[in-house]
Amino acid sequence: EAQVTQNPRYLITVTGKKLTVTCSQNMNHEYMSWYRQDPGLGLRQIYYSMNVEVTDKGDVPEGYKVSRKEKRNFPLILESPSPNQTSLYFCASSFRLLDRGLNTGELFFGEGSRLTVL
Amino acid sequence: DQQVKQNSPSLSVQEGRISILNCDYTNSMFDYFLWYKKYPAEGPTFLISISSIKDKNEDGRFTVFLNKSAKHLSLHIVPSQPGDSAVYFCAASAGTGGGADGLTFGKGTHLIIQP
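Sequences listed follow chains D and F, in order.
Read in order, the letters of the first sequence are residues 1 to 118 in the working numbering.
Read in order, the letters of the second sequence are residues 1 to 115 in the working numbering.
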């Protein structure tokens, strides 16, 4: 089954304790991205990756790191979490959005990771 | 600067009637538009898309209309069903010329279908 898998789905942590949210996709997608969803703000992009070893900042990258060492994995790292990073996080993947001839540019989303930083 | 705007946070429609969800954008470089649907405790799922070379795209009960001159698109759902109750996100992407930073999303509209 084609899917994007995130872990953990729920996490409560404390300020300053490093954490990693993993994301894995089994569709051989080049493009992967992280979003956060907050009430009244919709979905905002944190980081994205066009391919292995290629990452770039989205709209709200502060306080986050990512890596793309393998095509299927795109972990989101919070080195020193703060309460303002309490949010619902979504990982997504697709074939390259530029390749419109091959696909619709459709993003496949994971089920979300709800993070609470105390 | 919000480039994709969904000005209605929520919309209530009676079952069987038409639901119309609106979206406005400001970036004239956007040339591809998508709608996503999101249920609670799930990730968004792709619903329907439209390229800027078209003004209408239809898929079953769902039709998206694009008015480029007004920088406006709308999603029509006919007839509305209880399972359509969800948050709908409008999204847009800009061109094929590189700098492909993915999709810009609106804040979403919560559609509630009343029985």
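Because the hints were derived from the structure by calculation, they are not lab data.
This structure is a prediction, so every number in the text was calculated from the model and none was measured.
We put the beta carbon where it would ideally sit given N, CA and C, even for glycine.
Do not rely on the hints blindly, as some may be mistaken.
[Claimed, not checked] What follows is a set of in silico ranges between Cβ atoms, one per label pair, in the way DEER data are often shown:
no., chain 1, residue 1, chain 2, residue 2, range
1, D, 71, F, 39, 38 to 48 angstroms
2, F, 82, D, 1, 42 to 52 angstroms
3, D, 3, F, 40, 29 to 39 angstroms
4, F, 42, D, 83, 23 to 33 angstroms
5, D, 65, F, 3, 33 to 43 angstroms
6, F, 42, D, 65, 22 to 32 angstroms
7, D, 11, F, 79, 18 to 28 angstroms
8, F, 61, D, 84, 11 to 21 angstroms
9, D, 114, F, 83, 15 to 25 angstroms
10, D, 70, F, 55, 13 to 23 angstroms
11, F, 42, D, 57, 20 to 30 angstroms
[Unchecked claim] Heads up, simulated EDC-like pairs for lysine to aspartate or glutamate below, C-alpha to C-alpha not over 20 angstroms straight-line:
no., chain 1, residue 1, chain 2, residue 2
12, D, 57, F, 1
13, F, 5, D, 79
14, D, 18, D, 106
15, F, 71, F, 84
16, F, 54, D, 106
17, D, 71, D, 106
18, F, 5, D, 38
19, F, 56, D, 106
20, D, 71, D, 1
[Stated by the list, open to error] Sample of chain D residues lacking proximity to chain F, with all beta carbon distances greater than 12 angstroms (derived):
no., residue
21, 6
22, 9
23, 12
24, 15
25, 63
26, 67
27, 72
28, 117
Each hint tested on the structure:
| no. | hint | result |
| --- | --- | --- |
| 1 | D/71 <-> F/39: 38 to 48 angstroms | 29 angstroms, violated |
| 2 | F/82 <-> D/1: 42 to 52 angstroms | 26 angstroms, violated |
| 3 | D/3 <-> F/40: 29 to 39 angstroms | 19 angstroms, violated |
| 4 | F/42 <-> D/83: 23 to 33 angstroms | 25 angstroms, holds |
| 5 | D/65 <-> F/3: 33 to 43 angstroms | 26 angstroms, violated |
| 6 | F/42 <-> D/65: 22 to 32 angstroms | 27 angstroms, holds |
| 7 | D/11 <-> F/79: 18 to 28 angstroms | 41 angstroms, violated |
| 8 | F/61 <-> D/84: 11 to 21 angstroms | 40 angstroms, violated |
| 9 | D/114 <-> F/83: 15 to 25 angstroms | 24 angstroms, holds |
| 10 | D/70 <-> F/55: 13 to 23 angstroms | 41 angstroms, violated |
| 11 | F/42 <-> D/57: 20 to 30 angstroms | 27 angstroms, holds |
| 12 | D/57 <-> F/1 | 17 angstroms, holds |
| 13 | F/5 <-> D/79 | 32 angstroms, violated |
| 14 | D/18 <-> D/106 | 32 angstroms, violated |
| 15 | F/71 <-> F/84 | 25 angstroms, violated |
| 16 | F/54 <-> D/106 | 18 angstroms, holds |
| 17 | D/71 <-> D/106 | 18 angstroms, holds |
| 18 | F/5 <-> D/38 | 16 angstroms, holds |
| 19 | F/56 <-> D/106 | 18 angstroms, holds |
| 20 | D/71 <-> D/1 | 18 angstroms, holds |
| 21 | 6 | 8 angstroms, violated |
| 22 | 9 | 9 angstroms, violated |
| 23 | 12 | 17 angstroms, holds |
| 24 | 15 | 26 angstroms, holds |
| 25 | 63 | 19 angstroms, holds |
| 26 | 67 | 18 angstroms, holds |
| 27 | 72 | 17 angstroms, holds |
| 28 | 117 | 20 angstroms, holds |
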